[in-house]
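Q: What follows is each chain in one-letter form.
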Amino acid sequence: MRPENYQAVNHPPSNEYELNFGPNHPGIEGNYAFKVKLEGDIVVAARADAGYLHRGFEKLMEGRLWMQNLAIVPRICVPDPVPMEVCYSMGVEAIGGLEVPARAQWLRVLQLELSRIAAHLFFFGGHAATVGLYTTMFWGIADRDLILDLFEEMTGGRVYHIYNIPGGVRRDLPPGFLKRLNALLDYLESRLSDYDDLFFTNRVLVHRARGVGAMDQKQALEWGVTGPNLRACGLPFDVRRDEPYLVYDQLDFEIPTYAAGDDLSRTLVRRAELEQSVRILRQVAERLPSVEGPIRAPVPNPLAWNLPEGESYTRIESSKGELAYYILSTGGAKPYRVHVRGPSQMHAVQVLEKLAIGARLEDVAQIVFSLDSCPPEVDR
Amino acid sequence: MKGNKVIPIETHERVPARQRTNPWAKVFDPFMDFCRSRSLFLLHYCTGCGAVELPPTVTSRFDVERLGIQPMVTPRQADILLVTGYVATKTLKRILLSYEQMQAPKYVIGICSCTVNGGMYWQSYATVKKLNEYLPVDVYIAGCMPRPEAVLHGLQQLMEDIKTGRANAWQDYFNRYDHYLGNQQALFGDRWQTPTDIIGEARHYGLLGEQTLGEHTALLERIKQPLEVPTAGVFSPHSETRET
Amino acid sequence: MSESKAISHRLDDVLKEIEGVRYTRQSKTRIRVDLDADALPTLLELLQGRAGYVHLSAITCVDWIDADQFELIYHVWSYEDKALVSAHIRISRDPGRYVSVYDIYTPAAFFERDIHEMFGVYFEGAPDMEKFILTEWDGPPPMRKEFDTERYVNETFAWQEYNPEWLREISAQGGGIAVKPSEGAL
Chain H
739 MRPENYQAVN
749 HPPSNEYELN
759 FGPNHPGIEG
769 NYAFKVKLEG
779 DIVVAARADA
789 GYLHRGFEKL
799 MEGRLWMQNL
809 AIVPRICVPD
819 PVPMEVCYSM
829 GVEAIGGLEV
839 PARAQWLRVL
849 QLELSRIAAH
859 LFFFGGHAAT
869 VGLYTTMFWG
879 IADRDLILDL
889 FEEMTGGRVY
899 HIYNIPGGVR
909 RDLPPGFLKR
919 LNALLDYLES
929 RLSDYDDLFF
939 TNRVLVHRAR
949 GVGAMDQKQA
959 LEWGVTGPNL
969 RACGLPFDVR
979 RDEPYLVYDQ
989 LDFEIPTYAA
999 GDDLSRTLVR
1009 RAELEQSVRI
1019 LRQVAERLPS
1029 VEGPIRAPVP
1039 NPLAWNLPEG
1049 ESYTRIESSK
1059 GELAYYILST
1069 GGAKPYRVHV
1079 RGPSQMHAVQ
1089 VLEKLAIGAR
1099 LEDVAQIVFS
1109 LDSCPPEVDR
Chain A
611 MKGNKVIPIE
621 THERVPARQR
631 TNPWAKVFDP
641 FMDFCRSRSL
651 FLLHYCTGCG
661 AVELPPTVTS
671 RFDVERLGIQ
681 PMVTPRQADI
691 LLVTGYVATK
701 TLKRILLSYE
711 QMQAPKYVIG
721 ICSCTVNGGM
731 YWQSYATVKK
741 LNEYLPVDVY
751 IAGCMPRPEA
761 VLHGLQQLME
771 DIKTGRANAW
781 QDYFNRYDHY
791 LGNQQALFGD
801 RWQTPTDIIG
811 EARHYGLLGE
821 QTLGEHTALL
831 ERIKQPLEVP
841 TAGVFSPHSE
851 TRET
Chain F
89 MSESKAISHR
99 LDDVLKEIEG
109 VRYTRQSKTR
119 IRVDLDADAL
129 PTLLELLQGR
139 AGYVHLSAIT
149 CVDWIDADQF
159 ELIYHVWSYE
169 DKALVSAHIR
179 ISRDPGRYVS
189 VYDIYTPAAF
199 FERDIHEMFG
209 VYFEGAPDME
219 KFILTEWDGP
229 PPMRKEFDTE
239 RYVNETFAWQ
249 EYNPEWLREI
259 SAQGGGIAVK
269 PSEGAL
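Protein chains in written order, with the working numbering: chain H, 739 to 1118; chain A, 611 to 854; chain F, 89 to 274.
Chain H on its own, in the form it takes in the complex (with noise of 0.2 Å):
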């Protein structure tokens, strides 16, 4: 941001400076670069380089069963991996004609938002030690890990679960459970205004954040934008409202926005998101006792298993944005082809390359940060 009396005058090219932000780097979210060219200190053109983890998934899953895929679909999208499950489930039942059950509808919807809770807590630790608030992370990844304890209790894993299967779900909840994450709702419900004191409402990121990065709703619909990065600009499209999957519909929770589309605000919405997650979760956890039934429909033998011919187009709105599949079956065993779109394919290329542009360089690493970018989700 330049004060109001700065001239620009057109230095001679030695004042113009390439540099490279990562694959090394902790001010990029995992294994990714891009390389800006700066003027002084501010940023005048900025390019994106991925590939560092780019593992071919869409041919992977070509080769490999129905269910085989539910094992390496979750590693798409490494600090929120369950929407990737639900969704890739979702996409198959659509095509078999699969009929979830509601007890394992309601048991995704409590993932789902589990999920999205510990995601933005790593966000939030991200985000913070980018304008130099470490403390933030430590507390972040802390609670995220208590949340990892229910989810290890409750499918076997702490990072990747495999829970989701076409059909439902792969096991019920084990006694007790909603007991312990009633306590943990409460526990971190006590916990946001610590970390308002600590994060939210403090000054420096108040001074840092705002103002920095910003776009209005005209770019944010052009740039193809989605997901909480939306919401920062006013307008109030959550893929849960628009086009209600599982039990959403049966839910009540609200769709938070804020108006000024800078780091600031994309801040604020995923806080204001998470106290919703937990309002869903309690509702959740009322709920789930009084819904009884199977937890799977019943799925012919996986290893022999043709799903008729057909193709599904499924969105679900993960922590980062809308995340789609699209799943292609000819009739066989296999996928003829998956394509994934995941919400940082938007924000982490073209979006970084607009925002960063202007900006100074040591903003950059907070508007990669704050657009909460998923590098392994743009590269596949």
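Please note: incorrect hints may appear among the correct ones.
Chain F side only, calculated, beta carbon under 8 Å to chain A, not exhaustive [stated by the list, open to error]:
#1 Val241
#2 Glu243
#3 Phe245
Don't read these hints as lab results, they were simulated from the structure.
Everything numeric in this text was worked out from a predicted model, so none of it was measured.
Positions of the beta carbon are idealized from the N, C-alpha and C atoms, including for glycine.
The hints should help you fit chains A and F onto chain H, whose structure is shown.
A: Just chains A and F now, kept in the frame of chain H:
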């Protein structure tokens, strides 16, 4: 953690100890190894999925700092290169660059099963299957992904190895540079070169063995280009007009 | 044909305007449109300008190697109608060339670049056709069906021996378990 037996894990050929002429070496070397094992800096290069279990390991709950291990951002001041997860071919080049920039003695830990034998992405055209083909690895920690306790156990294993003077894989890189360079050239092409002068370093450390030079290093000598500052970078004139 | 009237009149009018359009209503929020490759840019412009489909969700490419064609699918979403229109076109596999829709939808830049390096389809008029993810890859476009990834892996990479020295030593000492279950938690 109780029940911590030392399990010898060697992923490279046994390296003979360096020839030391200083008579005080017998006293100082074990002492230095002891101190070194208590103060290790991790180069936290998040190369893959396993990196998401690293913040829990480093922060307060599992607290690796009580073992004296701390993250460090630059390879020049780091001791341990953590390869957390699968290694894409593009990332492997950067890992090699970072590895060669680290000062000796340096240690490599391969976390997750993908570094051991390809793991879940064994069919993938973009990931490397066997990490110790390209650089010597001290400790492998299997898992997908390993829990923070497993990572701590592996780090303690490494500390034991350093203290007893067995973690000498970095010397293997100098001793058998031709072998590693040959594998790197087979994967990256014949024009692969890094800015570090490995043969000069091998001479400096007294580790120039008979397997250091060979046909691959001869090829490197022939094709090597001197490093120079590029005049045209990524932002060529025609790309500037796009960035509006 | 009359099912789409339940989504919106604007969409109906737009679809009627293009020749050669066949559309089916797959569900309450999904419409599949099949049309000729030449008519697609016009359809997308009308969808964006007149019918309010402002969000390009994805562009997918499918390799129909037996029919010697590529299928490009443009998924566009409307925040007002809350529905998704998937426009399917077919182009011939050789040469795989098509026109870019970057001037209509800006997110197309990423997808077209991705399809270019993965499938080899060239988009004329796209702002950037340079490699993005596969910058250091010099093989054939990997997502094509003729590229066998397992064969490539077996030719290029070495595998760890199945039971190397260090694994034998670990097995001899009890399998590398840090804390046995009988000993209880840490």
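Q: It remains to establish, for every hint, whether it holds in the given structure.
A: Hint check:
no., hint, verdict
1, Val241, "6 Å, holds"
2, Glu243, "10 Å, violated"
3, Phe245, "4 Å, holds"
The structure does not agree with numbered hint 2 stated previously, though it agrees with all others.
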